[in-house]
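Enquirer: Listed here are the chains, written in short residue letters.
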Amino acid sequence: MKSMVKLSATLAAFTVSASLCLALVHLYTKPYIDANAERAQTAGLRQIFPDAAGFDPVTDFPASGSSSITFNKAYIARSENGVLGAVVMATGATYKSSTLLVGTGIDRVLKPVVFIENTDTAGLGTKTAESPFIDQFAGKTADDSFVLGEDLDGISGATISARGVSRIVQLAAYHSGAYLAEHHGGKAGTGAAPVVKEAAPMSVEDALADIWGDLDTADVSDAIENTIERSILFDGAWLVRDSDEVAGVAILARGQTYKASAILVAVRPDRTLAGIRIIETTDTKNYGYAMVEPDFYELFTGKPVDDPYLVAPTVSDGDVDAISGATISTLGVANMVKIAAWEGSRYLAENHGGMPGADRSDPFVLNEIPQWE
Amino acid sequence: MKNYKELFTNGIVRENPLLTLMIGLCSGLAITTSVENGIGMGLAMTFVLLMSELIISLFRKLIPSAVRIPIFIVVIASFTTIVDLMMKAFLPELSGSLGVFIPLIVVNCIIMGRVESFASKKPLDLVVFDSLGMGLGYAWVLAGISAVRELLGAGTLLGFRLIPESYTMGFFAKSPGGFFVFGMFIAVNMLLKKRLAEGGSAQ
Numbered sequence: 211m212k213s214m215v216k217l218s219a220t221l222a223a224f225t226v227s228a229s230l231c232l233a234l235v236h237l238y239t240k241p242y243i244d245a246n247a248e249r250a251q252t253a254g255l256r257q258i259f260p261d262a263a264g265f266d267p268v269t270d271f272p273a274s275g276s277s278s279i280t281f282n283k284a285y286i287a288r289s290e291n292g293v294l295g296a297v298v299m300a301t302g303a304t305y306k307s308s309t310l311l312v313g314t315g316i317d318r319v320l321k322p323v324v325f326i327e328n329t330d331t332a333g334l335g336t337k338t339a340e341s342p343f344i345d346q347f348a349g350k351t352a353d354d355s356f357v358l359g360e361d362l363d364g365i366s367g368a369t370i371s372a373r374g375v376s377r378i379v380q381l382a383a384y385h386s387g388a389y390l391a392e393h394h395g396g397k398a399g400t401g402a403a404p405v406v407k408e409a410a411p412m413s414v415e416d417a418l419a420d421i422w423g424d425l426d427t428a429d430v431s432d433a434i435e436n437t438i439e440r441s442i443l444f445d446g447a448w449l450v451r452d453s454d455e456v457a458g459v460a461i462l463a464r465g466q467t468y469k470a471s472a473i474l475v476a477v478r479p480d481r482t483l484a485g486i487r488i489i490e491t492t493d494t495k496n497y498g499y500a501m502v503e504p505d506f507y508e509l510f511t512g513k514p515v516d517d518p519y520l521v522a523p524t525v526s527d528g529d530v531d532a533i534s535g536a537t538i539s540t541l542g543v544a545n546m547v548k549i550a551a552w553e554g555s556r557y558l559a560e561n562h563g564g565m566p567g568a569d570r571s572d573p574f575v576l577n578e579i580p581q582w583e
Numbered sequence: 470m471k472n473y474k475e476l477f478t479n480g481i482v483r484e485n486p487l488l489t490l491m492i493g494l495c496s497g498l499a500i501t502t503s504v505e506n507g508i509g510m511g512l513a514m515t516f517v518l519l520m521s522e523l524i525i526s527l528f529r530k531l532i533p534s535a536v537r538i539p540i541f542i543v544v545i546a547s548f549t550t551i552v553d554l555m556m557k558a559f560l561p562e563l564s565g566s567l568g569v570f571i572p573l574i575v576v577n578c579i580i581m582g583r584v585e586s587f588a589s590k591k592p593l594d595l596v597v598f599d600s601l602g603m604g605l606g607y608a609w610v611l612a613g614i615s616a617v618r619e620l621l622g623a624g625t626l627l628g629f630r631l632i633p634e635s636y637t638m639g640f641f642a643k644s645p646g647g648f649f650v651f652g653m654f655i656a657v658n659m660l661l662k663k664r665l666a667e668g669g670s671a672q
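So the sequences go chain by chain: A and B.
Just so you know, we're using my numbering here: the first sequence kicks off at 211 and counts up by one.
Just so you know, we're using my numbering here: the second sequence kicks off at 470 and counts up by one.
Among the clues, some could well be false.
Under 8 Å between C-beta atoms, here's a sample of chain B residues computed to sit facing chain A [to be verified]: (1) I540; (2) V543; (3) V544; (4) P561; (5) A656.
Simulated from the structure, these hints should not be mistaken for lab results.
None of these values were measured; they are calculated from a predicted model.
Positions of the beta carbon are idealized from the N, C-alpha and C atoms, including for glycine.
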């Protein structure tokens with residue numbers, strides 16, 4: 211007991227004196243550290259508006275309206291003659307996350323974008339902070355479309371980071387332009403606020419509405435079954451009618467991707483896909499999970515049911531391009547879509563006058579998903 | 470007097486923490502891409518080592534053996550935090566480029582090793598020479614490795630361009646280059662040690 215008290219007292223004495231020392235050092239260095247942070251930020255602001263006489267913090271700047279992008283701070287840059295523009299510090303999801311300073315002139319033209327923080331993969335995602343990618347933004351206007359491959363060049367190997375950064379810049383620029391127009395007589399913009407599509411799995415109802423609009427659907431789950439491959443499960447089917455005409459059928463298929471996914475596959479009577487939507491997926495974030503991005507699933511819209519659905523580069527002349535870094539996920543998706551589309555078309559042909567398929571003398575070739583121990 | 474000199478050179482060559490004991494390598498390889506980083510890290514480490522060894526040697530008779538490890542850690546962590554805060558306040562750029570490796574001095578085996586095996590048993594005067602020797606032994610290797618890597622990998626030395634950019638070898642700026650240069654330094658140190666030993670026996 212006595213030794214316990216002695217040990218505790220010694221340990222306590224050391225920790226208390228250490229804490230005191232640290233508190234003193236902290237008190238002493240804090241003003242300098244704060245000043246450094248302030249200076250770093252002002253340096254960023256100066257990079258954007260070198261001619262500004264000062265930067266006034268804005269407190270009533272609107273929220274971003276997106277769950278994945280936050281506006282942390284906003285400043286109005288002013289010269290002696292008036293307002294030059296606005297700077298927004300915005301943080302948003304890229305591959306991991308990025309914090310940027312986005313400056314927009316009173317004429318809605320963008321200034322150079324300055325990175326404050328970037329936690330993406332070094333050498334890949336961090337290329338968004340480097341030339342030539344980052345240089346593309348200066349001189350664009352807040353009303354541009356900011357689409358990779360159209361008015362912006364992406365980064366090979368870092369598409370998700372590049373898309374994330376361009377979304378942050380676009381949203382910050384749009385709101386800066388609107389704020390300047392409203393409060394400081396800035397040039398008014400055209401068009402509505404950019405909607406940052408949060409790529410996410412959708413419910414079956416939303417998916418049906420997204421593909422078919424507000425057409426009537428009837429549950430035909432009992433009429434359609436998977437006769438091809440037992441590992442893929444049909445978990446529901448809906449016949450879609452446009453007044454009296456059959457518009458198509460949608461099948462919810464569940465199966466293995468990298469982990470597992472549920473996909474709604476919609477087929478038209480003319481043996482083409484009306485579209486596919488991802489209802490659920492447990493695949494790895496940023497890899498297989500990228501199937502929820504419209505850029506991927508929209509590739510299937512209009513695709514003929516009788517296409518081979520083989521994934522490139524696993525099959526050299528494959529007709530479905532693998533998601534970068536997620537070949538196995540893509541193989542699973544392609545198999546599910548192929549089977550569901552084929553069964554859906556067969557159902558439409560047999561019951562609702564859909565176009566019949568050619569007699570298949572060849573075996574039903576699916577992508578082979580590698581299995582691991 | 471001879472004892473002091475021996476203690477001091479012990480850390481610099483014979484028992485150099487990086488080249489002979491091969492401890493504290495992570496930080497050594499991670500930050501040695503520029504001479505400035507190497508020197509900064511080396512000095513930060515020397516400071517923490519010196520101060521921790523001093524305090525622990527000073528109080529060595531008061532520290533019960535049962536709780537010595539937590540006390541060592543508290544002392545080391547405090548000095549590391551002090552260095553970290555001071556660097557953030559007065560050398561913000563260096564602090565930015567060394568990043569997480571400054572707080573990680575806490576878990577650097579060199580410090581824990583010297584404190585446990587030396588400072589907790591020896592009087593103050595010996596401890597000063599030991600910690601300076603070990604600290605500077607760490608610092609010169611870091612500065613040396615980073616000088617080679619910065620010169621060949623980026624073509625500069627302390628920021629001044631000496632080799633045109635198109636003649637630099639990116640290999641040296643990346644981790645494999647770090648291992649390679651580190652290996653070369655081990656070889657040179659072996660040679661030095663051999664020479665020292667021969668010199669010693671000749672006397």
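Enquirer: Taking the hints in turn, state whether each one holds.
Expert: Status of each hint after checking the structure:
1. I540: Holds, because the Cβ-Cβ distance from I540 (chain B) to chain A comes to roughly 5 Å (cut-off 8 Å).
2. V543: holds, 5 Å
3. V544: Holds - the Cβ of V544 (chain B) comes within 8 Å of chain A, reaching about 7 Å at its closest.
4. P561: Status holds, d = 4 Å.
5. A656: violated, 30 Å
Violated hint for the displayed structure: number 5, the only one.
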